[in-house]
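Given the coordinates of chain A, assemble chains B and C with the ligands onto it according to the supplied hints.
Going down the list, the protein sequences come from chains A, B and C.
Its first residue numbered 1, the first sequence is counted upward by one per residue in my numbering.
Its first residue numbered 1, the second sequence is counted upward by one per residue in my numbering.
Its first residue numbered 1, the third sequence is counted upward by one per residue in my numbering.
No lab work stands behind these hints: they were computed from the structure.
For every residue, glycine included, the Cβ atom is placed at its ideal position computed from N, Cα and C.
Hints may contain errors.
Claimed, not checked - The following label-pair restraints were derived from C-beta to C-beta distances:
id	chain 1	residue 1	chain 2	residue 2	range
1	B	G418	A	G150	48 to 56 Å
2	A	H156	C	E75	30 to 38 Å
3	C	E75	A	A455	54 to 62 Å
4	A	W87	C	P70	29 to 37 Å
5	C	A40	A	A40	42 to 50 Å
6	A	R490	C	D87	36 to 44 Å
7	C	N61	B	M100	34 to 42 Å
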Amino acid sequence: MTAVAEIMDYDEVLDRFDPVLGLEVHVELSTKTKMFCGCANEFGAEPNTQVCPVCLGLPGALPAVNGKAVEAAIRIGLALNCQVAEWCRFARKNYFYPDQPKNFQTSQYDEPIVFDGHLDVVLDDGETFRVDIERAHMEEDTGKSLHMGGATGRIHGADYSLLDYNRAGVPLIEIVTKPITGAGERAPEVARAYVTALRDLLRALNVSDVRMDQGSLRCDANVSLMPKGASEFGTRTETKNVNSLRSVERAVRYEMQRHAAVLTSGGSIVQETRHFDESTGSTSSGRPKETSEDYRYFPEPDLVPIAPSREWVEELSQTLPELPWERRRRAKEDWGLSDEELRDLVNAGALELIAETVEAGAAPGDARSWWVAYLSQQANTRGVELADLAITPKQVARVVALVGEGKLTNKLARQVVDGVLDGEGEPDEVVAARGFEVVSDDSELQKAVDEALAAQPDVADKIRGGKVQAAGAVVGSVMKATKGQADAKRVRELVLKACGQ
Amino acid sequence: MSLTGLTASELAAKLAAGEVTSVEVTQAHLDRIAAVDSLVHAFLHVDAEGALAAARKADEDRAAGKAASPLAGVPLALKDVLTTTDMPTTVGSKMLEGWMAPYDATVTRRLREAGVVVLGKTNMDEFAMGSSTENSAYGPTRNPWDTDRIPGGSGGGSSAALASFEAPLAIGTDTGGSIRQPGAVTGTVGVKPTYGGVSRYGLVAFSSSLDQPGPCARTVLDAALLHEVIAGHDPMDSTSIDQPVPQVVEAAKQGSGGDLTGVKVGVVREFSGDGYQPGVQRAFDAAVAQLSKLGAEVVEVSCPHFDYALGAYYLIAPSECSSNLARFDSMRYGLRVGDDGEHSAEQVMSLTREEGFGPEVKRRIMLGTYALSSGYYDAYYGQAQKVRTLITRDFTAAFEQVDVLVSPTTPTTAFKIGERVDDPMAMYLADLCTIPSNLAGNAAMSIPCGLSDEDGLPVGLQIMAPAMADDRLYRVGAAYEVARDAEQGGPLINRAPKLEAAV
Amino acid sequence: MSKISRDEVAHLAGLARLAVTEAELDTFAGQLDQILDAVAKVGQVAADDIPPTSHAVPVTNVFREDEVRPGLTREQALAAAPAAEEDRFRVPRILTEEA
Ligand SMILES: [Mg+2]
Ligand SMILES: [Zn+2]
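Chain A extracted, bound-state conformation:
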């Protein structure tokens, strides 16, 4: 075992050094199928039941790109203010590892699908910090290993490993920041706020489950220090296995303190991968590799280049929902919140949920009160994050409506919510089980489509005339009108149907 590293007092670190961060976030897309094959992309299935010749890397099998994943990559890029490549390719990243069936990862190298963007993140005190985005690219996930024997189920000391390839080939988007400088003492907080903002953004885009606990959102934190006044970056370490937002902050802080201790005692930082240990809040060295990394990237010959047309990119930009920061600004205005109140909602992870509840028809006050009070309490007792409670904003809004219609008292309403949380079904089903009768009406989408078509008669005529590409504009306005909550594919179907296509 390696000895616990010396760490330096945080204030002293800041007296002597400026931190530089680089964050690499891997996002698993929530497409129906994997990146390059038609296997189901679902978390938690029985081992090796979601595999095929392609994702098992069997001899002779060939990849085929999931168009929906490309669409998601472009939408993410657009939301991150990135440019979308006119032309790009997949590349093979060659390295041997048992969890990787082909012993190369199909990824992108010097031609990412989107690049050069930024994300403005709001810190705890309401201040905004701009993080520049270097690139986001498409790739595939690896299988999962179970390490057997040895003491801890960890890779070190294991006798052998067992592999499940259900996750192999799941679509990943890797989002890489440019070096983040100038954050100073707030560097750990910036790191957490960035990953939080990214998570909220991805959730709003509806492209990923963004569950850090399940690994659908993973962050690798690169940290280096440079002496105060210097401009050349120091040697960096890359910390992996950071499985929660809080851990992102702790890991960065720990590495800053560890680097500072090593550097001030005359040592030097080894460029290496480090592992974060949740229980101790410290990092430990991964095994140094015997050979230097040489991935021998080259263009993937089995896949043809991707050249997103500007029309397609424009159509996708029309499908972007209201983004979290826009929503936040609007929430503050619409709901008449102080900076402090807004911050509390954000920190509680409640803002998005409240906003969605409001969009689903609830009054802001009711929505806020449900999420901040009863549901926060339920999240606490159930030991999950607010967003992971088994109730959706739509369902909360329905409960609010039932109360508004006088069909439920507040007390009964809480019982209905309990029922939903316990998996008894929709609010109306829970109500019905208790003898209420509720009429459900779900023609909202059709109404929005009709309104959008009426507002753009010339476009409607074009579609009727067979120019189905023109539907993009109408879909765009319906998505806007529905605050991005509608299913764009379904909207498109309704638009085309309404125009007799």
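Positioned in the frame of chain A, the structure of chains B and C with the ligands alone reads:
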């Protein structure tokens, strides 16, 4: 004539007329295999039971008026590089000894759907790397014209099966000439379709951007019939071309009329001179004269960058193979060596690959690993890809002047087994003329054009056409074939020595 | 003229996961040298303004619908495994962790 002496189209006609059954035809070929394959060693696996079952099915379908295709009931030899669920797929390697694929290659599926009877899997250079079939882990295949000589490679099993009348049809795959060069040295017809014309799904990859499956036969028409069975768009292969298949059967029938008036033929200037066996050159020149007589206008065309094709190929193919063959690591399938509880996964991978791959495969993996390494990529792989562009431009310019290009298929006739095994560069020269079409992706055919006068061994005429103009190969090939047979007194292949039936 | 050393060959063999023998180190060093000399002339013709060709067919944007297709059963997936346990592929202990 015995059933095994007939061409696929003759067999198809007899089957259609009800003169023979597929079971009879299949049994005749199985008997022939049993009689001569111990001498030729064209097959790695023969599935008599499966073949007879498929034949019975073809007969039943035909009896019910539902013949699946013009080739329904006709037997075929499948190169062991395409996956099959009912026979092992070994790719000529110890690495995959006995491996049963859980899925059929698209080519395999299309053959089955067309009612073609798969007799077995043919021998090949390991992972399709070689020009002699000596690199098979299961021993060499012998050339039926002279069993001391190589049958070409990597598809030597398929070409030898045809030349020894063990099968009227075969499937090959062509990365640098592995269909055409075996065709040339065994006096058979081999076609590398336009890249993307035939699906690669289920073809165990050697070099993805070059590999292409194609038909092998004893006549141009037979190759065309098989071409139409296996070609066409496949969504499982992203590089597959989503366009109608060129009308190759129609073209072969048109060509057999023997008139090439209005066709412009370009002779590639770079593919002659030093290194070309005189007898090969003379046979080629005679073939060109024959094309002239058929009415074609013959001109000389220069493709200056073809001289760099071999170099580009021996960088691109090994690079891609070093990556494609990485999956053979003993973790999920195939050979595993050294799993004793002591060795780590990484060590077991290395021990397995060391033992499971033969010297040529290892050599190419090493070469490709080198060419892709940081610091060397630009000088090697990057430059090779630029040469690829220049070669494509040469073809484009040439096809602005002529309809097809011709050259010898390979500089020499079949060499002796063992002659070049210790000299990789000498071996690589066998693919000198075939490689440009792999790099550019256009269509090319080898058709027998007589025997070399100094050794009496077959010579191949290579015909090259633009991408998706595969039909031109068949028109010109069929016209030439008719004239050749008329002049030489019957099909060349009938002059192959009758093999002694082994007991 | 390129000269590949034994050390370099050993490094390549490591990258390629080939447990080559001492004798092979020498053989490969010589053969790779010979082959690289022969192919090096690709560097003579291809100038900077020539675009590289990675794909023979000039096609772009080939996408698959996001629809689930039947894959393999677990039994099929594991059928060829050199070792399996608990419905998973069993592999020797993994020493290093990578990207
Ligand atoms: Mg990556
Ligand atoms: Zn799959």
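Between R490 (chain A) and D87 (chain C), does the C-beta distance stay in 36 to 44 Å? Roughly 37 Å apart at Cβ, these two residues keep to the hinted range, so it holds.
Assessment of proposed distance window 30 to 38 Å (beta carbons of H156 (chain A), E75 (chain C)): 33 Å, holds
Within 34 to 42 Å or not, the Cβ separation of N61 (chain C) and M100 (chain B)? Taking Cβ atoms as reference, N61 (chain C) and M100 (chain B) lie about 36 Å apart, which means the hint holds.
Taking 48 to 56 Å as the hint, is the beta-carbon distance of G418 (chain B) and G150 (chain A) inside that range? 52 Å, holds
A range of 42 to 50 Å was offered for this pair. Does it hold for the Cβ distance of A40 (chain C) and A40 (chain A)? Holds: the Cβ-Cβ distance is about 49 Å, inside 42 to 50 Å.
Consistency of beta-carbon spacing, A455 (chain A) to E75 (chain C), with hint 54 to 62 Å: At 57 Å between Cβs, range holds.
Taking 29 to 37 Å as the stated bounds, is the beta-carbon spacing between W87 (chain A) and P70 (chain C) within them? Since the Cβ atoms of W87 (chain A) and P70 (chain C) sit about 34 Å apart, the hinted range of 29 to 37 Å holds.
Every hint, counting from the list given before, is met by this structure.
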